[in-house]
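Please take these sequences and the hints and turn them into a complete structure.
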Amino acid sequence: MAASTPSGAPSSKEKKYDRQLRLWGANGQNKLESAHIALFNASAAGCEILKNLILPGVGQFTVIDDKLVEEADLGANFFLDEESLGKPRAERTAALLGELNPDVKGNYLVDSLSNTLSAKPELLNPRSTPFTHIVIISPVPTPLLLQIPIEIPVFLVNCVGLLFTLRISAPLHTIVEAHPESLVDLRLLNPWPELSALAAEKTKNLEVQQEMDGDEGMSDHEHGHVPYLVLLLKYLDDWKRRPEGDGTHPSSYKEMTAFRSFVQDKMRTHVPGGSEENYEEAVAAVLKHVRKAEVSEYAKTVLDHPACANVTSESTNFWIIAKAVKQFLESPEQGNGLLPLSGGIPDMKAESSGYVALQNVYKNKARHDAALVQKNVQSILSSIGREPSSISLEEIEIFCRHANFLRAISFRPFSAELSTDEFHKKVVKDAFESWDADSALINDYVAFRAFQEFITQNNGRAPGDTEGPLDEDTVEMQRLAKAYLSEVGCSLELAERTENIIGELVRYGGAELHNTASLAGGLVAQEIIKIITQQYVPGNNTILFDGISSKTGTYVL
Amino acid sequence: MGRDTNPRKSLGSLHGRIKEARVLMVGAGGIGCELLKNLVLTGFGEIHIVDLDTIDLSNLNRQFLFGMQHIKKSKAMVAKETAGKFNPNVKLEAHHANIKDHNFNVKWFKTFDVVFNALDNLDARRHVNKMCLAADVPLIESGTTGFNGQVQVIKQRTTECYDCTHKPIPKSFPVCTIRSTPSQPIHCIVWAKSYLFVEIFGTSEESSPEVDPSENDENAGEIANLKREAEELKNIREKMASPDFAATIFGKVFAADIDRLRSMEDMWKSRKLPKALDYAQISEEAEKIDNSVAKNDQKVWTLAENYVVFADSLQRLAKRMLELKASVKDGEAAPILAFDKDDEDTLDFVAASANLRSLIFGIDSKSKFDIKQMAGNIIPAIATTNAITAGLCVLQAFKVLREDYKTARMVFLSRSADRAFSSEKLSPPNPNCEVCSVTRITIEADVSRATIGDLVDKVLREQLGYGEELSLLTKELLYDADYDDNKDTPLSEIGFGEETFVTIVDDDEEEPRINLVIVVTNTALPADGEPITVPEKFEIPRKLKAIPAGNGGGTNGLANGLKRSHEDLILAAGGEGANGNGNEPEQKKRKVDVIVENRDVNVKRAKVFEEKKDDDIIVLDDDGFITID
Numbered sequence: 001m002a003a004s005t006p007s008g009a010p011s012s013k014e015k016k017y018d019r020q021l022r023l024w025g026a027n028g029q030n031k032l033e034s035a036h037i038a039l040f041n042a043s044a045a046g047c048e049i050l051k052n053l054i055l056p057g058v059g060q061f062t063v064i065d066d067k068l069v070e071e072a073d074l075g076a077n078f079f080l081d082e083e084s085l086g087k088p089r090a091e092r093t094a095a096l097l098g099e100l101n102p103d104v105k106g107n108y109l110v111d112s113l114s115n116t117l118s119a120k121p122e123l124l125n126p127r128s129t130p131f132t133h134i135v136i137i138s139p140v141p142t143p144l145l146l147q148i149p150i151e152i153p154v155f156l157v158n159c160v161g162l163l164f165t166l167r168i169s170a171p172l173h174t175i176v177e178a179h180p181e182s183l184v185d186l187r188l189l190n191p192w193p194e195l196s197a198l199a200a201e202k203t204k205n206l207e208v209q210q211e212m213d214g215d216e217g218m219s220d221h222e223h224g225h226v227p228y229l230v231l232l233l234k235y236l237d238d239w240k241r242r243p244e245g246d247g248t249h250p251s252s253y254k255e256m257t258a259f260r261s262f263v264q265d266k267m268r269t270h271v272p273g274g275s276e277e278n279y280e281e282a283v284a285a286v287l288k289h290v291r292k293a294e295v296s297e298y299a300k301t302v303l304d305h306p307a308c309a310n311v312t313s314e315s316t317n318f319w320i321i322a323k324a325v326k327q328f329l330e331s332p333e334q335g336n337g338l339l340p341l342s343g344g345i346p347d348m349k350a351e352s353s354g355y356v357a358l359q360n361v362y363k364n365k366a367r368h369d370a371a372l373v374q375k376n377v378q379s380i381l382s383s384i385g386r387e388p389s390s391i392s393l394e395e396i397e398i399f400c401r402h403a404n405f406l407r408a409i410s411f412r413p414f415s416a417e418l419s420t421d422e423f424h425k426k427v428v429k430d431a432f433e434s435w436d437a438d439s440a441l442i443n444d445y446v447a448f449r450a451f452q453e454f455i456t457q458n459n460g461r462a463p464g465d466t467e468g469p470l471d472e473d474t475v476e477m478q479r480l481a482k483a484y485l486s487e488v489g490c491s492l493e494l495a496e497r498t499e500n501i502i503g504e505l506v507r508y509g510g511a512e513l514h515n516t517a518s519l520a521g522g523l524v525a526q527e528i529i530k531i532i533t534q535q536y537v538p539g540n541n542t543i544l545f546d547g548i549s550s551k552t553g554t555y556v557l
Numbered sequence: 001m002g003r004d005t006n007p008r009k010s011l012g013s014l015h016g017r018i019k020e021a022r023v024l025m026v027g028a029g030g031i032g033c034e035l036l037k038n039l040v041l042t043g044f045g046e047i048h049i050v051d052l053d054t055i056d057l058s059n060l061n062r063q064f065l066f067g068m069q070h071i072k073k074s075k076a077m078v079a080k081e082t083a084g085k086f087n088p089n090v091k092l093e094a095h096h097a098n099i100k101d102h103n104f105n106v107k108w109f110k111t112f113d114v115v116f117n118a119l120d121n122l123d124a125r126r127h128v129n130k131m132c133l134a135a136d137v138p139l140i141e142s143g144t145t146g147f148n149g150q151v152q153v154i155k156q157r158t159t160e161c162y163d164c165t166h167k168p169i170p171k172s173f174p175v176c177t178i179r180s181t182p183s184q185p186i187h188c189i190v191w192a193k194s195y196l197f198v199e200i201f202g203t204s205e206e207s208s209p210e211v212d213p214s215e216n217d218e219n220a221g222e223i224a225n226l227k228r229e230a231e232e233l234k235n236i237r238e239k240m241a242s243p244d245f246a247a248t249i250f251g252k253v254f255a256a257d258i259d260r261l262r263s264m265e266d267m268w269k270s271r272k273l274p275k276a277l278d279y280a281q282i283s284e285e286a287e288k289i290d291n292s293v294a295k296n297d298q299k300v301w302t303l304a305e306n307y308v309v310f311a312d313s314l315q316r317l318a319k320r321m322l323e324l325k326a327s328v329k330d331g332e333a334a335p336i337l338a339f340d341k342d343d344e345d346t347l348d349f350v351a352a353s354a355n356l357r358s359l360i361f362g363i364d365s366k367s368k369f370d371i372k373q374m375a376g377n378i379i380p381a382i383a384t385t386n387a388i389t390a391g392l393c394v395l396q397a398f399k400v401l402r403e404d405y406k407t408a409r410m411v412f413l414s415r416s417a418d419r420a421f422s423s424e425k426l427s428p429p430n431p432n433c434e435v436c437s438v439t440r441i442t443i444e445a446d447v448s449r450a451t452i453g454d455l456v457d458k459v460l461r462e463q464l465g466y467g468e469e470l471s472l473l474t475k476e477l478l479y480d481a482d483y484d485d486n487k488d489t490p491l492s493e494i495g496f497g498e499e500t501f502v503t504i505v506d507d508d509e510e511e512p513r514i515n516l517v518i519v520v521t522n523t524a525l526p527a528d529g530e531p532i533t534v535p536e537k538f539e540i541p542r543k544l545k546a547i548p549a550g551n552g553g554g555t556n557g558l559a560n561g562l563k564r565s566h567e568d569l570i571l572a573a574g575g576e577g578a579n580g581n582g583n584e585p586e587q588k589k590r591k592v593d594v595i596v597e598n599r600d601v602n603v604k605r606a607k608v609f610e611e612k613k614d615d616d617i618i619v620l621d622d623d624g625f626i627t628i629d
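Protein sequence lines, in the order shown, are assigned to chains B and H.
With the UniProt record's numbering applied, the first sequence closes on residue 557, and no number is skipped along the way.
With the UniProt record's numbering applied, the second sequence closes on residue 629, and no number is skipped along the way.
Worth flagging that the hints you see were computed from the coordinates, not collected in a lab.
Accuracy of the hints is not assured; some may be wrong.
Calculated pairs, DSS-like style, for lysine-lysine (alpha carbon to alpha carbon, straight line, at most 25 Å) [as the list claims (entries may be wrong)]:
#: 1; chain 1: B; residue 1: K363; chain 2: H; residue 2: K272
#: 2; chain 1: H; residue 1: K319; chain 2: B; residue 2: K551
#: 3; chain 1: H; residue 1: K295; chain 2: B; residue 2: K15
#: 4; chain 1: H; residue 1: K487; chain 2: H; residue 2: K167
#: 5; chain 1: H; residue 1: K299; chain 2: B; residue 2: K15
#: 6; chain 1: H; residue 1: K272; chain 2: B; residue 2: K204
#: 7; chain 1: B; residue 1: K551; chain 2: H; residue 2: K269
#: 8; chain 1: B; residue 1: K13; chain 2: H; residue 2: K72
#: 9; chain 1: B; residue 1: K363; chain 2: B; residue 2: K254
#: 10; chain 1: H; residue 1: K275; chain 2: B; residue 2: K349
#: 11; chain 1: B; residue 1: K15; chain 2: H; residue 2: K239
#: 12; chain 1: B; residue 1: K349; chain 2: B; residue 2: K375
#: 13; chain 1: B; residue 1: K15; chain 2: H; residue 2: K319
#: 14; chain 1: B; residue 1: K15; chain 2: H; residue 2: K227
#: 15; chain 1: H; residue 1: K100; chain 2: H; residue 2: K85
#: 16; chain 1: H; residue 1: K269; chain 2: B; residue 2: K204
#: 17; chain 1: B; residue 1: K87; chain 2: B; residue 2: K31
#: 18; chain 1: B; residue 1: K67; chain 2: H; residue 2: K406
#: 19; chain 1: H; residue 1: K167; chain 2: B; residue 2: K365
#: 20; chain 1: H; residue 1: K299; chain 2: B; residue 2: K13
#: 21; chain 1: H; residue 1: K227; chain 2: H; residue 2: K275
#: 22; chain 1: H; residue 1: K458; chain 2: B; residue 2: K13
#: 23; chain 1: H; residue 1: K299; chain 2: B; residue 2: K363
#: 24; chain 1: B; residue 1: K31; chain 2: H; residue 2: K295
A quick note: this is a predicted structure, and the numbers were derived from the prediction, not measured.
See the structure below:
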C-alpha cells in the first residue's frame, strides 16, 4: 500500500468491498456485517459456503463440529492442511477460514448438532441464540432437523459426489430491493396533469415545418429531438380522437401494431438519413411501454398479507410502509388505484434541456407520491405508539420506488415437507405430470428423499458408506424411494433418472468432491447473502444440482 | 483412507486421466483463484498459470489466494505459492507475463490437454481462442459480471469458437459531443478522463478509443477550434509549479473555453446555452469547505464542493508530477500520469472536473461512487458467482478429458434462483466465422530472407492454386492485387517475428476459397535453398454461397473489416491502387457497395489504420471502455 494516504482516499474497507457494494449497496453491506453464521459440520461444502461469506465481510461465524481431521478431508477441503491431521476439524477450519478476512470474527465449538440441541439448548433458542443464520451440512437425521426452531433461517445442504441440494427454511422473508431488470414505469396510459401539459407544450407545433428562423414551426433539428415519451403521449391522444376510432387507447395486439404505424407515418423523412431516431425509439417502445399501470401479483401478495393489515408496535418498518402504500393505493385522493410512481425514465434521443424537463416531471411526481405515503406512515406510527418521524423519508422513498416489486416469501418449514403434507403431495404430483418430467430434477429429489430417510434409519450413515456390499444399500434406497412415492400417491415404478441418481448416491457413499463442494459453496452462499441483505429474490425453497448434466431445478416442497 | 479417496470413488476411471493432465489457466483473478483451488484439489497433474496483473486491495473481497501482505505482487506467483501447499502431488508453474508474449506460441499451447480462460478482457480472450484453435487444444472459456456468468467449451471443428458470435463493440462518442455539446453525465466524464486529464498529465497525442474523431463538412471548423484549445491547454501545462495553476486551468476550461462555445450561435439554436463558471465567486465560497469532502463518495457534491475537490486533487497530481519530473534522468521519456479508477487522486480530479462541466451545461452531476463506475468501467464482482462459474468449468473439463462434446454444455448463470443457471448443448461452428471456419497450415520461413512475394507466388499461387485476386493480412493489410508495395520486402521488416499468423482472403468473384490462416514459423533454412518451405498440394474448401449478413450469422469481420477499410481509403484517395491488372473500375465500385453493411465500424477502423499504422490497431479491450447502464 502507498506510504501516505491521500486526502481523498475512502477507508480501505470500502475499497476492499467496492466491487460488491455495487451489487447490494451500503445498506446490504451493513446487514451482512451484522450477521452471525453457524455452520454445523465442517465439511468441504460447509467451509466453501463460509469462505464465500467471510470474503465479502459477514460479521461473525462459528464452526460446530466434533470430528478429528483425517487424510481424506485434506483431499476435499481446502481449509485443512497437513498440520491439521488428527486435530479437531472445528478448530482447524475456523483458524484457516479466519485468515481470509481480518474484519471477520471466527469462533468454533468442538461439538455435534445433537449434543448442542440437548446440552446447550440456549444456542438454538430463538430468544437467546447468538446466530442469525444456520448452515447445516447433512447427514442429519430427520428428528434432529425438526428440533431446530422455525424462527431461525436454516440452510440445509446435501453434497455428495457430483450432486448437491439446498433446502431453505426461514421465517416470513420480505424484500424491498428485488433488483428487477428495470424500475421504469412510464404511465403512458395514465398520465397525470403535469405530464400531459408538458407533452402538449412540447408538441404544440409538431406538424408545422419551420420555413424561416423565428416562425412558429419546428425545425428538423427540433423535430428530431422531441423525446419519444412525449411523442407517444401526443400520438396516444391523437389516436383516441381519430374520427374513425372509438375513443379508447390501443390495447389488442392488432391495435398496437396499427398504432405503431400511426406513429411511424408521422416521421419526417426528408431529413438526412431519411429517418428520425426519436421516432424510431417511439415505435420500438410501443409494445413495451404502452400499457396500463397495474399492481403486480407480487406487490398484491404483500399488500394483501395479514401482516400488512395487522400492523402493531411489533411490526417491522417494511409492514408499516406497506400499509401506508396500501392506503395510498386505495385512497381516491392519493394513488386512486395506482402505486406510488418509481420516477425513473430511460435514456432517449433528446436535447439535454428537454430531457431534464421530462425527468423532472417524473421525479417531482415520485417525490410527491412518496410525501403522501410518508404522511400515511406518520399517522400509522402514531397509532401504534411509535415516534412519527422514526422512519426516514429516504427509507420511504426507496420503498415507493420499488413498490411494484415488493416480495413477501413464506418458506415452508421442514416439518411440512418431511411429513409429506397435502401441499407437498400436490407439488410433487404436478412436477411428475409436467412435459419434461423424465429429465426433471424432481426425480433427483425422490432419490434424496430416500437418502434422508436412509440416514435417519441408519443413525447418520450415508448409503454406500459401508465395508459390506453396496447392493444392499441400493435395494434399501429403492425401497425407501418407492415408499415415499406411495405416500405421495404417485406411480410406484421408479423413474430411470431416480434409479440412476440412487446409483450415484450409493456409489459416492456420502463422500464429497471438492469441485462440487466449491460449486455448492458459491450457490448456497449466494442465496444466504440474498436472505441476509434482503435484496434480490432467493430460491424458494429447494434447489437441486446435478453435475453430470450441469442442471439445476427449483421446487417449493 | 488417502487424500484422493473421494475423487477416486466419485470419478472412477477419469481420475487417472485427471492425474496425467497438463492444463493451462490464463488469468489468476476472480475466477482464476477459484479455478486453481478446484484444479489443485481435484488433482490435475500439472497446472500452468499465466497472469500479467498484480494484486490490488479491491481484489481481496473474492480473490482468496491473496492477502494484504501480497498487494502489488504478481498474481500468478502468489496464486501458485498459496494453492501449491494444498496438494503436494500437483506440479504448478507460474508465469508473470502477458499471454500474448511470443514464447507462448502454438507449439507451447499444443503441450496442454485443456486450456482455461479466466480473463477479464476481450482482446486476450480472442487471442487465446485463436491460439487454441491453431493448436487444436480444447478451451474452456468463462466470464462473470455481478451475479451473471457463463462457461463455454470450445473445440476446433466441433463447437462454436469465441468469435463465432458477435461480441458487442464498446461504445464511443463523437468528438464534438464530448468537447462541445455534451448532454449526459457520461459525456462530461469522458471529457474529464480522456481529454482534460490526458492533456494535463498524459501524452496528448494518445487518442482515446472512447472518442471518435471523425471529421465531416459540418464539424470541420469546430474541430479546428478544438485543436487550438488543446494547444493552449498544453502551454498552461508548463506552469504546473506555479501557485495559481489551478486558477489558470479553471479559468481556461470552465470559463474562457465556454465563452468561446457560447459565441458559436448556430450551435445553441436548439440547445441550452452553457454558462461559464465564475472563479472569484466560487473560490470564495470554497474557502469554508474542508478538503475532506472528497472522501464522501456517496454525496452529490455542490458547485463549491466540486471546486474544492478539483483544486485539491489537481494540486496532489501536480505535486506527484513534479516529483516524477525531478527524478527523471536525461534522455528518459517525460513522465506521465494515467487515469486509474483505483488511484484516488486521478479519480477525484476526474469526478470533480466532470461535475463542474455538467453544471455548466445543466446536466445532472453524479456522486464520486457513480463516476468511478462509469469512468472505470467497473464490473461488479463477488466470490459466489466466481465459485459457481469455476466449478462449472471443471465439470466441463471432465467432459473434455473424455472427449465427450455431446454432453458438454454451454452454461449461463443468472441472479434468479428459479433457474440458478441454464445450460444448452454446444453449437456447431459458424460456417462464416473468420476465426475458426478457416483452413490452417503451418510453414517454415527464414523471415530475414523470405518475402511476401515468395509467400504469394510460391506457396499460394503455384502450390495452392490461388488466382490473381487475393489479400494477405496480419493486423494490417500486407498485400492484395492492388497493393503490392511490400512484395519484395523481407518478412522480418513487415512485422514477422518468431511466429506470425497471416490470413489469406480469396477475393475471387466466382468461387472464393474459405479463409486460409498460415502460421509462419521463423526457421533458419539453408542459405543456398529456398527461404520458405512449400506445403503439400491440397484443395481448400470454397465459401458457402449467400452469406447471411448482420446479426445472426455475423462475425466480427476482422479480416474483412480491415480489408474493406483499406479499399475505402484507396478509393477515397482516388483509387490509386489500381495498377492495370485488368480490374475494371466497375468491379471496384461493386465491391465498395458491399461494404455498407458495416460502415460505421469500418470507417472508424480506417481512421485508426491511417493514423497509427505501426500499432496494434484493433485493441478492443474491456478495460477502460465506457459502458452506460
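Satisfaction of hint between H/K295 and B/K31, Cα-Cα up to 25 Å | Satisfied, since the Cα-Cα distance of roughly 23 Å is no more than 25 Å.
Decide if the proposed pair is consistent with the structure: H/K272 and B/K204, CA atoms, cutoff 25 Å inclusive.
-> Holds. H/K272 to B/K204 sits at ~19 Å (cutoff 25 Å).
Would you check the hint for B/K15 and H/K239, treating anything up to 25 Å between C-alpha atoms as holding?
-> Distance of about 34 Å is beyond 25 Å: violated.
Within 25 Å, alpha carbon to alpha carbon, are B/K349 and B/K375?
-> violated, 37 Å
Taking 25 Å as the top limit, are the C-alpha atoms of B/K87 and B/K31 close enough?
-> violated, 34 Å
25 Å Cα cutoff - pair H/K167, B/K365 | Answer violated: H/K167 to B/K365 is near 39 Å, above 25 Å.
Pair hint outcome, H/K299 versus B/K13 [Cα-Cα no greater than 25 Å] | The hint holds at about 18 Å.
Taking only the CA atoms, is the gap from H/K487 to H/K167 under or equal to 25 Å?
-> At roughly 34 Å apart (the allowed maximum being 25 Å), H/K167 and H/K487 break the hint.
Does the alpha-carbon distance linking H/K227 and H/K275 stay inside the 25 Å limit?
-> Holds: H/K227 and H/K275 sit about 22 Å apart, inside 25 Å.
Holds or violated: are the alpha carbons of H/K269 and B/K204 at most 25 Å from each other?
-> Cα-Cα ~18 Å, so holds.
Given hint H/K406 paired with B/K67 - CA-CA distance at most 25 Å | Violated. B/K67 to H/K406 sits at ~42 Å, over the 25 Å cutoff.
Pair hint B/K363 and B/K254, alpha-carbon separation not exceeding 25 Å | Violated, at about 33 Å.
Taken one by one, the earlier hints fail for this structure at numbers 2, 4, 7, 9, 11, 12, 14, 15, 17, 18, 19 and 22, listed in ascending order.
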